[in-house]
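In the order they appear, the protein sequences are chains A and Y.
FYI, in this note's numbering the residues of the first sequence are 1 to 369.
FYI, in this note's numbering the residues of the second sequence are 370 to 970.
Errors might be hidden in some of the hints.
A short, non-exhaustive set of chain A residues, derived as facing chain Y with CB atoms under 7 Å [claimed, not checked]:
id, residue
1, L79
2, F80
3, G120
4, L123
5, W147
6, L213
7, R226
8, K335
Non-contacting residues of chain A with respect to chain Y, defined by C-beta distances greater than 12 Å in every case (computed) [said to hold, decoys possible]:
id, residue
9, R64
10, F74
11, E149
12, E163
13, L182
14, T205
15, D236
16, H245
17, G356
18, G369
Think of the hints as simulated: they come from the structure by calculation, not from any bench.
Computed from a predicted structure; not experimentally measured.
C-beta atoms are modelled at their ideal positions from N, C-alpha and C, and glycine is treated no differently.
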Amino acid sequence: MTDDDRRDAVTPQQRQEPDSGNAPAVPAAGPAPAGEPEPPEGQPVPDRFEDPGLPEHRPRSTDRDPRAARRAEFQVAALFSLSVTGTLLALAAYYTVQVEDDLGVAELLGRLRLSTLLLGIGLFLALFCVGAGVVHWARRLMPGEEWTEHRHVLRGSDTDRAEARRILADGAAESGLGRRPLIRNTLVGALALAPLPAIALLRDTGPLPEDSLSRTFWRAGLHLVRDPEGGRIRPDDLVVGSVVHVMPEGVDEAEHPLEERAKAAVLVIRLDPEDLDQESLGGAHEGIVAYSKICTHMGCPVGLYEQQTRHLLCPCHQSTFDVSRHCQVIFGPAKRPLPQLPLTVDPEGYLVAADGFREAVGPSFWERG
Amino acid sequence: MSVTDEPAATGAGGEEIGVPDGTDRGTGGPSTAGPAGSGGTRTARAAGAVGTFADERFGASRIVRGFARKVFPDHWSFMLGEIALYSFVVLLITGVFLTLFYVPSVAPTTYEGSYAPLNGQQVSEAYASTLRLSFDVRGGLLVRQIHHWSALVFAAAILVHMFRVFFTGAFRKPRELNWVVGVVLALLAIFEGFAGYSLPDDLLSGTGLRIASSILLSIPFVGSYLSSFLFGGEFPGEAFIPRLYTIHVLILPAVFVLLISAHLFMVVLHKHTQYPGPGRRDDNVVGYPFYPVYLAKAGGFFFIVAGITTLMAAVFTINPIWAYGAYDPSPVTAGSQPDWYMGFLDGAARLAPGWWEFTAFGHTVSLNVLLPAVVLPGVLSIVAILYPWLESFVTRSRREHHVLDRPRNAPTRTGLGVMAITFYLLLLVSGGNDIIATQLHLSINAITVALRVLVIALPPIAFLVTKRICLGLQRRDRDLVLHGRETGRIVRTEQGEVYEVHEPIDERERWRLVQHQAHRPYEPPSPDETGSGNGHSVTVRDRLRSRLNRFYFRDRVDPVTPAELAAAQASGHGTGPGHGTGEGRSTEAPSTEAAGTTTER
Numbered sequence: 001m002t003d004d005d006r007r008d009a010v011t012p013q014q015r016q017e018p019d020s021g022n023a024p025a026v027p028a029a030g031p032a033p034a035g036e037p038e039p040p041e042g043q044p045v046p047d048r049f050e051d052p053g054l055p056e057h058r059p060r061s062t063d064r065d066p067r068a069a070r071r072a073e074f075q076v077a078a079l080f081s082l083s084v085t086g087t088l089l090a091l092a093a094y095y096t097v098q099v100e101d102d103l104g105v106a107e108l109l110g111r112l113r114l115s116t117l118l119l120g121i122g123l124f125l126a127l128f129c130v131g132a133g134v135v136h137w138a139r140r141l142m143p144g145e146e147w148t149e150h151r152h153v154l155r156g157s158d159t160d161r162a163e164a165r166r167i168l169a170d171g172a173a174e175s176g177l178g179r180r181p182l183i184r185n186t187l188v189g190a191l192a193l194a195p196l197p198a199i200a201l202l203r204d205t206g207p208l209p210e211d212s213l214s215r216t217f218w219r220a221g222l223h224l225v226r227d228p229e230g231g232r233i234r235p236d237d238l239v240v241g242s243v244v245h246v247m248p249e250g251v252d253e254a255e256h257p258l259e260e261r262a263k264a265a266v267l268v269i270r271l272d273p274e275d276l277d278q279e280s281l282g283g284a285h286e287g288i289v290a291y292s293k294i295c296t297h298m299g300c301p302v303g304l305y306e307q308q309t310r311h312l313l314c315p316c317h318q319s320t321f322d323v324s325r326h327c328q329v330i331f332g333p334a335k336r337p338l339p340q341l342p343l344t345v346d347p348e349g350y351l352v353a354a355d356g357f358r359e360a361v362g363p364s365f366w367e368r369g
Numbered sequence: 370m371s372v373t374d375e376p377a378a379t380g381a382g383g384e385e386i387g388v389p390d391g392t393d394r395g396t397g398g399p400s401t402a403g404p405a406g407s408g409g410t411r412t413a414r415a416a417g418a419v420g421t422f423a424d425e426r427f428g429a430s431r432i433v434r435g436f437a438r439k440v441f442p443d444h445w446s447f448m449l450g451e452i453a454l455y456s457f458v459v460l461l462i463t464g465v466f467l468t469l470f471y472v473p474s475v476a477p478t479t480y481e482g483s484y485a486p487l488n489g490q491q492v493s494e495a496y497a498s499t500l501r502l503s504f505d506v507r508g509g510l511l512v513r514q515i516h517h518w519s520a521l522v523f524a525a526a527i528l529v530h531m532f533r534v535f536f537t538g539a540f541r542k543p544r545e546l547n548w549v550v551g552v553v554l555a556l557l558a559i560f561e562g563f564a565g566y567s568l569p570d571d572l573l574s575g576t577g578l579r580i581a582s583s584i585l586l587s588i589p590f591v592g593s594y595l596s597s598f599l600f601g602g603e604f605p606g607e608a609f610i611p612r613l614y615t616i617h618v619l620i621l622p623a624v625f626v627l628l629i630s631a632h633l634f635m636v637v638l639h640k641h642t643q644y645p646g647p648g649r650r651d652d653n654v655v656g657y658p659f660y661p662v663y664l665a666k667a668g669g670f671f672f673i674v675a676g677i678t679t680l681m682a683a684v685f686t687i688n689p690i691w692a693y694g695a696y697d698p699s700p701v702t703a704g705s706q707p708d709w710y711m712g713f714l715d716g717a718a719r720l721a722p723g724w725w726e727f728t729a730f731g732h733t734v735s736l737n738v739l740l741p742a743v744v745l746p747g748v749l750s751i752v753a754i755l756y757p758w759l760e761s762f763v764t765r766s767r768r769e770h771h772v773l774d775r776p777r778n779a780p781t782r783t784g785l786g787v788m789a790i791t792f793y794l795l796l797l798v799s800g801g802n803d804i805i806a807t808q809l810h811l812s813i814n815a816i817t818v819a820l821r822v823l824v825i826a827l828p829p830i831a832f833l834v835t836k837r838i839c840l841g842l843q844r845r846d847r848d849l850v851l852h853g854r855e856t857g858r859i860v861r862t863e864q865g866e867v868y869e870v871h872e873p874i875d876e877r878e879r880w881r882l883v884q885h886q887a888h889r890p891y892e893p894p895s896p897d898e899t900g901s902g903n904g905h906s907v908t909v910r911d912r913l914r915s916r917l918n919r920f921y922f923r924d925r926v927d928p929v930t931p932a933e934l935a936a937a938q939a940s941g942h943g944t945g946p947g948h949g950t951g952e953g954r955s956t957e958a959p960s961t962e963a964a965g966t967t968t969e970r
């Protein structure tokens, strides 16, 4: 392949000759595309225009004028020098702008920003000017004439193909693969089965899901505590319209606190009991309702509560739930209402779960039913 | 002069081997042909020794001869792929730096560092190390921001490059497989970006992972198992960040390097495509030699891309994880947005209505998650991968295509491409519906409903409009060829006739406007006129091809033929009085005989 390429590369000098060598100027010389109409017989006018060929090379000012070339040379050198300046600036910034431990937040962020800015601008100059200089060099001072190289169809010649076919057939015959089906079949079987252990080995990447998606940390009698500040809640702490982010008491001492928190997060909202429908009132305590905060669409925390409309909005995909109607979906990509956590109070008057969730919280899954 | 020095520098003068002089040019100066040792400067002798060493170890001279002067065409749109490539190199370099400080673990630790608001907090190692890397490693934040900006540029450059290739028909034979490699690279870029986005274990990245796990959960039959195996149990678990790290820094980069190598290898093997123009044909390639011109331009461009990305990172803060806080499944994340390349999937998820989820036979099927997040990207990729074969099925073109199409000359393809872009952009906009709502004080519900309608209705309209525009542009090309350029010079003849003088365009400019081949609708072969001589009856395949063909080529504008130009000039239209009314005439149905006329539905 390389031999052919070399032979076919046409230098600019050669190209100046009219239709030199292997460069027919008529475009139709290539294989005609399907559907191309045949040129009508005996027509004096050609069917298509002819390719006029490459235009004359127009020398650049740097080709004609040595002073322009000299100027370009200086420009390139100036860009390279600017790059050196950038490198020095970056190094200077690295050693002079320090981010110390004992700064206030605003000052720390300001210092960090300054450090990033100076380092970055230095590095930008160092890199960009090298690039701009080299490109300028190539465009203004390196030869500006275009070259022409021949392309070959990628397929081999018919002889190549016949030879290749023969070699493949010979090799296959030599291996005896066709004649010895026993070898072939057992090999296929062996290769098909060999990856099985690899797949089996992946089994221990995680436990089977079992009922983990349907369980949460909540169970009857568990206290509601504020999240993240902690502290049990009395109904009197909540005025109508207020909303509290809640976790079950003791969740941080669980074996896997993050996993439990990811399922147990709850929003507690106090409404006027008259605003709640019958279904919601079932698990409510004096107008206080608790709903899972994990969106039934894709599991984001549904944390945006709109007091006037009593709507909960998920910040990820804008599913909207109506708290006064048992957290039914009223808009957006979620389908199921947020599960309700039934509430009651313990003898000391603190809010506790009357029961766990009665269904799986969070996004849907196949086995959910 | 640097050119004639080159062969000496690349290994002229082996003692035993006559190393080629100036390779392709064949005009190497006499100084280069002399054997080494017979003189020359010290550097030349040293270079000769290196060259000899390399040549005798792996035949360097042949490699130089074969490849150093390969010709690459020049066009600004060819730099889009280069931007992607160089962004990838920047990603590798900055990524290595980040691995020196990042700890891929969610083991709880107490953050102690410069950022006071989080000091003493219990956070994961991943988050704490990302904070340290940002605040306490000098230049760490800069490198992190270069890495993130590069990732955004990488994905954007791939996408735009892909559309350049699509609109110019560069995916046609023999480059179909390179197109497939490109589509796979685009997909992997999205995965890789998402993996990187998730590593700092901040609030946003954790929310992104939560969504990823719900997408896994939505897959029928195996969803909860997949999620459990990937996360090593329940979400978020302790296994996922280290696993994601391996995927992000080892597996996917290795696949990238492999596929990018294949991509570039095929570019060299096929030789680059070129835009149509005088002297540019399917059997040649016109451009600059790789060494030294293209090497300098491409190498320089790497530094330009790296420099500009660095400037962006220096000036614009990106992903300030300290402001979001560590991941915790319960806090609110209002206005949470993924990186832009995930935006279209996020938007699709926002548009899907909830009633797509249903329960049957005791199992839940969440089509509201499955369709936008799994099926949509899958179908889009498959359609993209198969498109080259679809088009060659329609055109029945078996030859190699190396001269690119001007997008206007392929109106249906261009229309389809703009349709795809419209669809994509609408999904992207949907991904920001909450931002639009808060910025413009509109109802989020109204915006979402409107977008649901638009995402269905607008793409076909975009297709039709684009196709019309293409046909119009083609007609303008015809007009230019037939009547020349308007000069603005008004002439009144002795008879009192007033016309504007039109200046004929030169033949090189004309060639650009007439060089393309217009496809004609394909008629299924009728048994009596089969050229192939098989005499077989019309198959379903033929009918399908014929129907698709009509869809593609029913509306078309043929390039001007010499006969038409001669006719136009003879009738005095040529460079004389202005616009004729004769050309651009419409005829009913595809009349294949009427060469050179405009055919419209």
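We went through each hint and held it up to the structure:
Here the hint on L79 (chain A) is broken, as its CB sits about 10 Å from the closest CB of chain Y, past 7 Å. With a cut of 7 Å, the hint placing F80 (chain A) at the interface with chain Y is violated, because the nearest CB-to-CB distance is about 11 Å. Of the supplied interface hints, the one on G120 (chain A) holds, with its beta-carbon coming within about 2 Å of a beta-carbon of chain Y, less than 7 Å. The restraint placing L123 (chain A) at the interface with chain Y holds, with a minimum CB-CB distance near 5 Å, inside the 7 Å limit.
Using the Cβ-Cβ criterion of 7 Å, the hint placing W147 (chain A) at the interface with chain Y is satisfied: the shortest such distance is roughly 5 Å. With a least beta-carbon distance of about 6 Å to chain Y, the hint placing L213 (chain A) at the interface is held under the 7 Å criterion. Given the 7 Å rule on beta carbons, the hint for R226 (chain A) is violated: about 11 Å separates it from the nearest Cβ of chain Y. Interface restraint check for K335 (chain A): the shortest CB-CB distance to chain Y comes to about 4 Å, inside 7 Å, so the restraint holds.
Consistency note on R64 (chain A): stated as away from chain Y, and its beta-carbon is indeed over 12 Å from all of that chain's, at 17 Å minimum. With a cut of 12 Å on Cβ distances, F74 (chain A) stays outside the contact zone with chain Y, its closest approach being about 17 Å. Distance check on E149 (chain A): its Cβ comes as close as 4 Å (rounded) to a Cβ of chain Y, failing to clear the 12 Å threshold; non-interface status is violated. Even its closest Cβ contact with chain Y, about 21 Å, leaves E163 (chain A) beyond 12 Å, as expected for a residue assigned away from the interface.
Even its closest Cβ contact with chain Y, about 36 Å, leaves L182 (chain A) beyond 12 Å, as expected for a residue assigned away from the interface. The claim that T205 (chain A) lies off the interface is violated: its Cβ sits roughly 5 Å from the closest Cβ of chain Y, which falls inside the 12 Å cut-off. For D236 (chain A), the non-interface assignment is confirmed: its Cβ lies about 25 Å from the closest Cβ of chain Y, beyond the 12 Å cut-off. Not every Cβ of chain Y is farther than 12 Å from the Cβ of H245 (chain A); the closest lies at roughly 6 Å, contradicting the non-interface assignment.
For G356 (chain A), the non-interface assignment is confirmed: its Cβ lies about 16 Å from the closest Cβ of chain Y, beyond the 12 Å cut-off. At roughly 5 Å from the closest C-beta of chain Y, the C-beta of G369 (chain A) falls inside 12 Å, breaking its exclusion from the interface.
Violation of the numbered hints given earlier is confined to hints 1, 2, 7, 11, 14, 16 and 18; the remaining hints are satisfied by the structure.
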